[in-house]
Amino acid sequence: MSDLTRVTAAELATRLAAGEVSSVEVTQAHLDRIGAVDGAVHAFLHTNTDEALAAAVAVDTARAAGEDLPALAGVPIAVKDVVVTKGQVTTAGSKILEGWVPPYDATLVERLRAAGMPILGKTNMDEFAMGSSTEHSAYGPTRNPWDLGRIPGGSGGGSAAAVAAFEAPLAIGTDTGGSIRQPAAVTGTVGVKPTYGSVSRYGLIALASSLDQAGPCTRTVLDSALLHDVIGGHDPRDSTSLSERAPSYTEAARAGATGDLTGLKVGVVTELGGEGYQPGVRASFEASLELLTNAGAEIVEVSCPSFTAALAAYYLILPSEASSNLAKFDGMRFGLRVEPTEGPVTAERVMAATRGAGFGDEVKRRIILGTYALSAGYYDAYYGSAQKVRTLIQRDFDAAFAQADVLVSPTAPTTAFKFGDKVDDPMAMYLNDVATIPANLAGVPGLSLPSGLSDDGLPVGFQILAPARADERLYRVGAALESLLLAQWGAPLLSRAPELEVNA
Amino acid sequence: MSTINSDEVARLAALARIDLAPDEITRLAGELDVIVQAVATVSEVAGDDVPATSHPIPLTNVLRDDVVGRTLPVDEVLAQAPAAEEGMFLVPQILGEEQ
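Taken in order, these protein sequences are the chains called A and B.
full-length UniProt numbering applies: residue 1 is where the first sequence begins, and numbers increase by one.
full-length UniProt numbering applies: residue 1 is where the second sequence begins, and numbers increase by one.
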C-alpha cells in the first residue's frame with residue numbers, strides 16, 4: 001500500500017510543493033485505495049476518476065511551469081453528495097435525484113477547483129442529510145472502518161468514513177444538527193461546523209436553511225483549518241454569508257499546536273453530560289479535561305438550562321424548514337417523475353406520485369412532521385414556541401461565553417452503535433445529536449476531535465464550541481488538545497483502527 | 001396537545017403532496033405520535049415575553065445591483081428535466097378534470 005494515503009493533507013501539500021510527489025501520484029494512490037476498500041466501506045456513491053486525474057495533471061503542469069499555487073493545490077478531496085458539482089452526478093442520497101447531473105457548481109466547489117484540489121468523488125449520506133447513521137441513504141449504508149458492523153454516524157457518514165479509511169485526505173461535510181461532528185466522533189476523525197455564514201451555502205441542497213453549514217472533515221485539526229481557509233469567506237450569492245474577512249485558521253491551528261493554554265477558560269456544560277452518556281465516553285472526556293488543565297487552562301462549570309429543550313425545538317424547526325425546502329422536488333424540472341397508475345395525470349397527482357415513490361421513510365416522516373408543525377392552529381404552539389426556545393439557547397450561550405472562552409462536551413453520548421439498533425425508533429436516533437444541536441440553533445461554531453477509545457475499543461469525540469465568528473478558538477484549542485493527546489498516545493488514534501481487508 | 005392518528009397523517013400527506021400506502025399511513029401515525037409528544041414540551045419552556053429567533057445571526061436584507069447577471073444555459077438545464085420541448089419544461093396538465 002502506498003503511504004501517500006496515510007499522511008496528512010498538510011504533509012501532502014509540503015511534499016507536493018517541494019516536488020517530491022506529483023498530484024497525479026497522490027490522486028491515483030487515493031483512487032487505488034478507494035478501489036481496494038470501498039467495496040466494504042461504501043463511503044462513496046460516485047467516483048470521478050478521469051476528472052480527478054485531469055485536475056491533478058493540470059496542477060502538476062502549472063507547478064512544473066513555475067506558477068505560484070494555493071497551499072492545498074494538488075491535494076485531492078471527497079465531497080458530500082448534498083453539495084452540487086457541475087457535470088458530476090449529485091443525488092443527496094435520494095432516489096428522487098438518481099442520476100441527476102447539476103448544471104452548476106456550489107460556491108465551495110468552485111473554490112476547491114480554484115485551489116487546484118482534485119475531486120475524488122461524492123460521499124454517501126442519509127437521504128437529504130436526515131439521519132445520524134447513513135442507514136437512511138437510498139443507496140445503502142456506509143460502514144464504520146473501525147467495525148464494519150457499526151454505523152459511521154450521519155448524516156455525513158460517507159465523508160467521515162472516507163477520511164478514516166484513508167480513501168481521501170480531506171472531505172467536505174454539512175452540519176445541520178451534528179452531521180459533521182457526530183460522524184467525526186464515531187470514526188475517530190476531526191470535523192468542524194463553522195459559524196453560520198462562514199462558508200457559503202450556495203449550491204448546497206438545502207435541508208434547513210437557518211441551520212445548514214458546510215465544513216471540513218479531516219484526520220487532523222490543522223488539515224481542517226487549511227480546508228476552512230479554502231472554502232470560507234464572503235459569497236454574494238448567499239445572502240446569509242458573513243461579510244467580514246476571516247482570520248487565518250491555519251495560523252490559529254499552528255499556534256495552538258504548541259500545546260500551551262495558559263490563561264484559557266474552558267467551560268464544561270452541565271447539561272451536555274451525565275445521564276445518557278456512556279461511562280466510557282465520560283471517562284475519555286474527563287481525561288482530556290485533565291490534559292487541558294495540565295496545559296494551563298482553567299476549567300469552570302457552566303449551566304445552559306435551556307439546552308434541555310434544544311432537541312425538541314430542533315425537531316420542530318428542522319422539519320418545518322425541510323418541508324418547505326423539499327417542495328421543489330415536484331417531478332417537473334429535474335429528478336424523478338412518476339405518473340399515477342390510475343386516474344387523471346395532472347401536475348398535482350404526478351407530484352404526489354413522484355414524492356411517494358422517490359422519498360424514503362425518514363424524509364416522508366420529517367416532511368409530514370413539518371407540515372403538521374406549520375399548519376393552521378398548531379403554528380404558534382409548535383414552530384413559534386421552538387423559535388422562542390432558540391432565543392433562550394442563544395442567551396444561554398451568551399451567558400456561558402461571558403464565563404469561558406470555549407465550551408466543551410462529549411460530541412455524542414455514545415460510541416458507534418450497530419446497524420439496525422435505532423433505525424426503527426426515530427426518537428432514539430434523534431438523541432444522538434443532543435450535544436451537537438445547540439450550536440446549530442445558535443449559529444456558533446463547533447469542532448469534534450478524537451479524545452481516545454471508550455471501554456468498547458471504539459473512538460470517542462471531544463467537542464469544542466466557540467462564540468459566533470470566533471472559529472479560530474476552535475483551531476487553537478483543538479490543535480493544543482490534539483498535540484497533548486498525540487504526545488500521550490505516541491501515534492494518531494486512527495493507527496489503532498483495524499486494517500481493512502484490501503481487494504486486489 | 002393533540003395526537004396524530006391515521007386520518008391526520010393522510011390529511012397532512014395530501015397537503016405535502018406525498019402519496020402514501022395504507023400501511024405507511026398506519027406506521028407513520030404511530031411514529032409521529034411519539035415524536036410529537038416528545039417535542040410538544042417546547043410550548044412550556046418560553047414565556048410570552050421571550051421574542052422568537054428565526055435566524056442564528058442577525059441579518060439585514062441584501063440587495064444586489066439591478067444588472068443582468070450570469071444565467072445557466074437553457075439546454076444544460078433542460079437536459080436534466082424529466083421532459084422538455086421547444087426550449088421549455090414539458091409538464092402534465094396543471095388543472096384537474098373538474099376545473
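Hints in this document: simulated from the structure, not taken from any laboratory.
We put the beta carbon where it would ideally sit given N, CA and C, even for glycine.
One or more hints might be untrue.
[Claimed, not checked] Selected chain B positions facing chain A (Cβ under 7 angstroms, derived; list incomplete):
1) Gly30
2) Leu32
3) Thr60
4) Leu90
[Unchecked claim] Label pairs and their computed distance ranges (CB to CB):
5) A:Ala114 with B:Asp7: 50 to 56 angstroms
6) B:Ser6 with A:Ala114: 50 to 56 angstroms
7) A:Ala62 with B:Asp49: 20 to 26 angstroms
8) B:Arg70 with A:Pro70: 34 to 40 angstroms
9) A:Glu286 with B:Asp7: 48 to 54 angstroms
10) A:Pro70 with B:Glu76: 25 to 31 angstroms
11) A:Asp455 with B:Gln80: 39 to 45 angstroms
12) A:Pro70 with B:Pro73: 24 to 30 angstroms
13) B:Arg70 with A:Ser375: 34 to 40 angstroms
14) A:Arg245 with B:Pro58: 17 to 23 angstroms
15) A:Val101 with B:Asn61: 49 to 55 angstroms
16) B:Ala14 with A:Glu286: 47 to 53 angstroms
Report task. Given the range 48 to 54 angstroms, decide if the beta-carbon distance of Glu286 (chain A) to Asp7 (chain B) lies inside it. Result -> holds, 50 angstroms
**Report entry** Cβ separation of Arg245 (chain A) and Pro58 (chain B), checked against the hinted range 17 to 23 angstroms
**Finding:** At 19 angstroms between Cβs, range holds.
Query raised in the report: Can the suggested window of 47 to 53 angstroms be confirmed for the beta-carbon pair Ala14 (chain B) and Glu286 (chain A)?
Result: holds, 52 angstroms
Query - Outcome of range test on Cβ distance (Arg70 (chain B), Pro70 (chain A); 34 to 40 angstroms) - result: About 24 angstroms separates the Cβ atoms of Arg70 (chain B) and Pro70 (chain A), which means 34 to 40 angstroms is violated.
Requested in this report: Confirm or reject the claim that Ala62 (chain A) and Asp49 (chain B) have a C-beta distance inside 20 to 26 angstroms.
Outcome: violated, 60 angstroms
Report task. Using 7 angstroms as the Cβ threshold, decide whether Leu32 (chain B) counts as touching chain A. Result -> holds, 6 angstroms
Query raised in the report: Okay, Asp455 (chain A) versus Gln80 (chain B) on CB: inside 39 to 45 angstroms?
Result: violated, 50 angstroms
Query - Pro73 (chain B) and Pro70 (chain A) - C-beta distance against the hinted 24 to 30 angstroms - result: Because 29 angstroms falls inside the window, the suggested range holds.
Report task. Please verify that hint: Leu90 (chain B), Cβ, nearest Cβ of chain A, below 7 angstroms or not. Result -> violated, 9 angstroms
Query raised in the report: Between Pro70 (chain A) and Glu76 (chain B), is the Cβ distance one that fits in 25 to 31 angstroms?
Result: Holds, since Pro70 (chain A) and Glu76 (chain B) (Cβ atoms, about 28 angstroms apart) stay within the stated range.
Query raised in the report: Are Arg70 (chain B) and Ser375 (chain A) spaced within 34 to 40 angstroms by their CB atoms?
Result: Check passed, 38 angstroms falls within 34 to 40 angstroms.
Query raised in the report: Between Ser6 (chain B) and Ala114 (chain A), does the C-beta distance stay in 50 to 56 angstroms?
Result: Because 53 angstroms falls inside the window, the suggested range holds.
Checked against the numbered hints listed earlier, the structure breaks hints 1, 3, 4, 7, 8, 11 and 15; every other hint is satisfied.
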